[in-house]
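Enquirer: Below, each chain spelled out in residue letters.
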Amino acid sequence: MMNKIKIVDNQIVGSHQTPFIINDYDKAPYLNMTKQTLFIYIPANSNINCDLDFDYQTKKQNILVLVDQNSAVSFFEYKTGLKTTGHIEYMVLNNSKIVINRYCATQTVTEKIMFSLNGYQAQVDYYLATITNHDKHYDIKVTHRANATKSNLTCHGISLSGGQLTFNMEGKVNKNSQQTKLNQQSKIMVFNQGEGIINPNLLITDNLVEAKHAAVIGKFDQAVLFYLQSRGINQSTALKLLVKGFLLGIMDIGIDNKYKIIQQIDTYREECYEC
Amino acid sequence: MTKKVLTIKDLTVTLNNNEIIKNFNLDINNKEIHVVMGPNGVGKSTLAKVIMGNPDYKVTSGDIKYQQESILNMSVDERARKGIFYAMQSPIEIEGVTNSEFLKVALSTKLNKNVGLYDFVKQLDQAVKDLKMDEKMIHRSINKGFSGGERKKNEILQMKILKPTMIILDEIDSGLDIDSLKIVGQNIMTYFKNHHASILIITHYPRILKYIKPDFVHVMVDGKIIKTGDLTLALTIEKQGYDFLKEGPKDSRLL
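Sequences listed follow chains A and B, in order. Residue 275, in our numbering, is where the first sequence stops; the numbers in between run on with no holes. Residue 530, in our numbering, is where the second sequence stops; the numbers in between run on with no holes.
None of these hints come from the bench; they were simulated from the model. Treat the hints with caution; some may be incorrect.
To be verified - No more than 25 Å apart at the CA atoms, straight line, and that leaves these computed lysine-lysine pairs for DSS-like:
1. A:K258 <-> B:K388
2. B:K419 <-> A:K187
3. B:K457 <-> B:K485
4. B:K379 <-> B:K435
5. B:K419 <-> A:K212
6. B:K397 <-> B:K468
Unchecked claim - To be clear about the criterion: a stretch of chain B counts as covered by chain A if any three or more of its residues have a C-beta under 8 Å from a C-beta of chain A, and this derived list gives those stretches:
7. 343–352
8. 361–369
9. 375–386
Even glycine gets a Cβ: it sits at the ideal position worked out from N, Cα and C.
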């Protein structure tokens, strides 16, 4: 069953029953967390699928999510608002997998997102879709600390007129982390005065590693626009269709959440989509 | 009553300063089917793209009129909304945008009103059935993972939904197997009869003409029409190639 959980300033809002434990620092004393950190502990053998709403617009936020062994976790996060400044770390232990589908339309963002694959066969699939006509800066890092770990980081961004979007991507494989697989794919589509920066890095210190990365910054293909326009669709509507396809195409989410994202994309003024 | 649908007069077109179409003339009336044939690289597909308004090409002289109104200053989407439909030679794939979503937006834009979901789905289901397409395709990204033949059927599906009056078919037969060619040909002819449309077919081979009977066949060489005839001309070209136009036809009926 899908849960919807809202967390405001380190506390769960409402009376939801959560499938995970919040701020029980004794679950991982070795991490030396302070009480400033929002700590989400996902017990071993969990199977969780939920919508998360972290509300940390007003202050800098540190979040640590620990996925204990043999668990399968799927989060969808939808963020809008004025400002996001935060540091989120996901630690994944033996035989566990976390899948995150995230749509971020907050106006300005400065975020560090880290994944530590600490256990044998730990996996992460991270899909970030973001749109902006302001400044957004994402540092996204995955560290493979154990054998047979897998990461897949896919980030699609739209930098509308006036936007400046940065993806700093880093995939790191520590020594003695063999048979690991890394995949990084980052794409930014820019409009008019919009800017995009991608820094794709792979730091690999072991053999027997399979790594792929791709980084693309550009505009939508004129041939694609011509095709849509040849069916009577005007340029700005065609571009909106392409933006929706580009952002939603990477995410595996339900129809309600797709609809929410489509409505949000429609809030940007026509001028933002000028080529 | 005969009405002029498409009039191309003294059209010259360049791409990167190279003349591709030179003083080209063609008149298409309502309920007429015209075929343009010719060897590779003579400007046939360019002609189709220029009629549709592809910005890569520059019209340096002449005019194109649709229903007696010049369309040269109209955008691509305006031309389409007026009723011109261009089924492309190589329809491109667009990831993330589903066929159904795209067609609903296109139809709503053309009709200038939000099309009701029930009516739209009903029309779409019927068109999919007529073309013997897999129903799942309409929920997939445009042409993503489609075979060449499926892409061509998808073009005809769009034609059936958007209901144009001037249809340009650029090598619609390429990629179609024998059965699919028959289905596509029959669907085009049924549409032609029911909607009193006009058709311009660009092709290398006359095999599609088994199902779509043309009124005129034009041979295009070096950017202009050098010969006009009927279906016999297309069949002669199939047998003898284009060289006979230089040498004179071996078939005495074409002399």
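Enquirer: Each of the hints needs a verdict: does it hold here or not?
Expert: Now the hints, each set against the structure:
1. A:K258 <-> B:K388: Within the cut-off at roughly 23 Å; holds.
2. B:K419 <-> A:K187: Between K419 (chain B) and K187 (chain A) the Cα gap is close to 19 Å, so the pair holds against 25 Å.
3. B:K457 <-> B:K485: holds, 9 Å
4. B:K379 <-> B:K435: holds, 13 Å
5. B:K419 <-> A:K212: holds, 23 Å
6. B:K397 <-> B:K468: Satisfied, since the Cα-Cα distance of roughly 22 Å is no more than 25 Å.
7. 343–352: holds (count 3)
8. 361–369: holds (count 5)
9. 375–386: Holds, because 7 residues of the region 375–386 of chain B bring their Cβ atoms closer than 8 Å to Cβ atoms of chain A.
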